[in-house]
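Participant: Generate the whole structure from the sequences, applying the supplied hints.
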Amino acid sequence: MEKSKVESRYKIGDIVCAKVRPSVLLVVRLYARKVYYCTIQNDPLANELVYFDRELKSCDGIPLIQKT
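Mapping to my numbering: the sequence shown position 35 is 35, numbers consecutive.
Please note that the accuracy of each hint is not assured.
In silico lysine-lysine, DSSO-like type, Cα no more than 27 Å apart, as pairs [stated by the list, open to error]: (1) K57 <-> K19; (2) K34 <-> K11; (3) K57 <-> K34; (4) K11 <-> K57; (5) K19 <-> K34.
Think of the hints as simulated: they come from the structure by calculation, not from any bench.
Computed from a prediction, not measured in an experiment: that's the story for all the values here.
Facilitator: Next up, the structure:
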């Protein structure tokens with residue numbers, strides 16, 4: 001019996017957005033057991049956020065704004 005390899009859509013370090021809060025940029029920290037563990041891009045001390053693949057989307061069209 002062969003196990004199928006689970007592939008994630010996003011890689012560690014990718015910038016993504018949650019569909020419910022697209023204005024908040026997230027950084028993928030870990031992908032384990034079909035769950036993404038993310039941190040808020042400009043707030044590394046905030047609690048880690050956990051999402052399923054279907055709850056995230058790519059944020060290629062959103063300009064990255066750095067906190068000053």
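Participant: Each hint needs a verdict: does it hold in this structure or not?
Facilitator: Now for the hints, and whether the structure bears them out:
no.: 1; hint: K57 <-> K19; verdict: holds, 6 Å
no.: 2; hint: K34 <-> K11; verdict: holds, 13 Å
no.: 3; hint: K57 <-> K34; verdict: holds, 15 Å
no.: 4; hint: K11 <-> K57; verdict: holds, 13 Å
no.: 5; hint: K19 <-> K34; verdict: holds, 17 Å
No hint from the list above goes unmet by this structure.
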